[in-house]
Amino acid sequence: MDTVRIAAVGAGVMGLSTAVCISKLVPRCSITVISDQFTPETTSDVAAGMLIPPVYPDTPIHKQKQWFKETFDHLFAIANSAEAKDAGVLLVSGWQIFRSIPTEEVPFWSDVVLGFRNMTEDELKKFPQHVFGQAFTTLKCEGPAYLPWLEKRLKGSGGLILTRRIEDLWELHPSFDIVVNCSGLGSRQLAGDPKIFPVRGQVLKVQAPWVKHFIRDGSGLTYIYPGISNVTLGGTRQKGDWNLSPDAEISKGILSRCCALEPSLRGACDIREKVGLRPSRPGVRLEKELLAQGSRRLPVVHHYGHGSGGIAMHWGTALEAARLVSECAQALRTRAPKSKL
Amino acid sequence: MRVVVIGAGVIGLSTALCIHERYHSVLQSLDVKVYAERFTPLTNTDVAAGLWQPYLSEPSNPQEAHWNQQTFNYLLSHIGSPNTADMGLAPVSGYNLFREAVPDPYWKDVVLGFRKLTPRELDMFPDYSYGWFNTSLILEGRKYLQWLTERLTERGVKFLLRKVESFEEVARGGADVIINCTGVWAGALQPDPLLQPGRGQIIKVDAPWMKHFIITHDPERGIYKSPYIIPGIQAVTLGGIFQLGNWSETNNIQDHNTIWEGCCRLEPTLKDAKIVSECTGFRPVRPQVRLEREQLHVGSSNTEVIHNYGHGGYGLTIHWGCALEVAKIFGKILEERNLHRMPPSHL
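If you read the protein sequences in the order shown, they are chains G and V. Residue numbers are given in UniProt numbering: position 25 of the first sequence equals residue 25, and the series is strictly consecutive. Residue numbers are given in UniProt numbering: position 125 of the second sequence equals residue 125, and the series is strictly consecutive.
Chain G with its partners taken away, still in its complex shape (with noise of 0.2 Å):
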């Protein structure tokens, strides 16, 4: 077996990464991504992409630490880099508050991200209704602009990039030999998999180029970020609630609870809604299936189930996806090696 061709089916941020990762890792390898949505129409487009990790109960920690920081410190190094407006990651520093003392004062990713310390007395003075908090400096990345900036990496290693409603994953049989599924929620369908499942998210992207930190309540239900060209101003969580469409009440509420954190939000204009179902599961599911039916096999390896943790991980699972793509095509090759005559 020569060239080993491999499907990467989704095009949000995992599709993308994973189909990078595998163009860099994977020797003499093909790499076609296939999905029906693109940049800017994925999950990942709506997202904030903020870099503070959400707990996976079914994941050890020490894995999501390695996942988080190596996501971290690739997007550092683009942020510190000429690239990083076109890839759009950007740093932020702001603040994690909580209005009660949360359980764990030090979250795992405390080294992770910058400067990481607890909030001071005159810090908390901005924050009347919360008695604790966090300052620290992280990472914001941008999907808008990062998925077109993987996009042209991809293409500029030799990737692929196809437009196709995929309803079976047998589809990709036998075009391609290896399959990577990083559909998302589309998993649910794709793959079988009850365990995941959509947690809406309606958010707000405004203007208000005056706010330069970000400020997050630890519940993680109302939170402003400060990106590049808006200000994205969230949310809700809605276990099971598929609805795209943006409901005008829910953004009443979203706006008032972000005004009373920040006042001048009341200044903010151009209000535009968004909506994203994060493709939730108790733990990311990365791992090997080999695919039988009959005499035919197809190694897939999946890649999904982020939740509300995709763009702060995705780079430390896409690495990892990588490595299992990778094992994939050495079992391949040693069953069929290139003929010799």
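Hints listed in this document are in silico derivations from the structure and should not be mistaken for laboratory results. Here the structure is a predicted model, which is why all the values come from computation and not from measurement. We treat Cβ as the ideally placed atom computed from N, Cα and C, and that holds for glycine. A couple of the hints might just be wrong.
Label pairs and their computed distance ranges (CB to CB) [to be verified]:
id: 1; chain 1: G; residue 1: Ile101; chain 2: V; residue 2: Gly245; range: 56 to 66 Å
id: 2; chain 1: G; residue 1: Gly267; chain 2: V; residue 2: Val276; range: 17 to 27 Å
id: 3; chain 1: V; residue 1: Val276; chain 2: G; residue 2: Asp86; range: 18 to 28 Å
id: 4; chain 1: V; residue 1: Glu261; chain 2: G; residue 2: Asn243; range: 22 to 32 Å
id: 5; chain 1: V; residue 1: Gly80; chain 2: G; residue 2: Ser219; range: 15 to 25 Å
id: 6; chain 1: G; residue 1: Glu289; chain 2: V; residue 2: Asn83; range: 25 to 35 Å
id: 7; chain 1: G; residue 1: Cys269; chain 2: V; residue 2: Asn252; range: 32 to 42 Å
id: 8; chain 1: G; residue 1: Gly267; chain 2: V; residue 2: Glu261; range: 28 to 38 Å
id: 9; chain 1: V; residue 1: Gln234; chain 2: G; residue 2: Ser175; range: 43 to 53 Å
Taking lysine-lysine and the PhoX-like style, the derived pairs with C-alpha atoms no more than 20 Å apart in a straight line are [claimed, not checked]:
id: 10; chain 1: G; residue 1: Lys126; chain 2: V; residue 2: Lys108
id: 11; chain 1: G; residue 1: Lys288; chain 2: G; residue 2: Lys195
id: 12; chain 1: V; residue 1: Lys108; chain 2: G; residue 2: Lys125
Dock chain V against chain G, hints included.
Only chain V this time, still in chain G's reference frame:
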């Protein structure tokens, strides 16, 4: 009681507002006018990036440290009100960078969250090996002057475009108290060998991904002679020019290159930034602020002059503390003239 404020930069307008706020209710006849040759956007205040940050070394006049702190606290007290953006006011965090360890600045407990930089943070700035991180405030000159102008106009304060040739001329026009906020041009009204222009040039760029200020320091070269990047509400100010004694009002190409190269080296992403404008201004440099009273004998009457000029590169940083001090002196003048016996309740 006729008060004429000469100068419509941040010092003139804030002093006018401070006096009006404190005395208009106790003084029926208070009439405040602002005379100036230049109004926003043509003042030096308009060129300033607007970051609250005093010089690193302690001021020769310890009162200045107090005025700086008063200004910070005054501005901070506005945070939490809905119209801070209209004032040009916003919290901003950032980095002060050095090539070697330095003592903490005297204002470290005035700003919020002051700390030293961690090694990973310093990795972002390969030319520097030590630094601070803190949260401070931006007070954008142009927006603030517009806001002050609105507040003064609401109060009935009149503005006159006038080139004042002498204090006597203003006194003869009927002014009882003259507040001299003429900044770098004060020497034209009264020679002051201690006052010099500290010419600055800045480039304003569109770089909305820059959320932090970055100020470098080179003790060999002196303050403001090392690159700095300060985000404003809409645009980002790039600077690093300080030329004592240079009165040239036009932008200089070498200075442009110094700023551009220095800032792009500090922050490579700036290469993509579009230039919005470029301006020159004159910091009114003086060993210390001249904030004092002087009596002028014009004909048979005494006209009081309160000087408030020479704030160097820290005018926005110190302005409100100085305005309060001028208001205090003004109050004393009123007492001496038996114009009011009780100090206003809000002093």
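- Sort out which numbered hints this structure fails and list those numbers smallest first. 4 and 6
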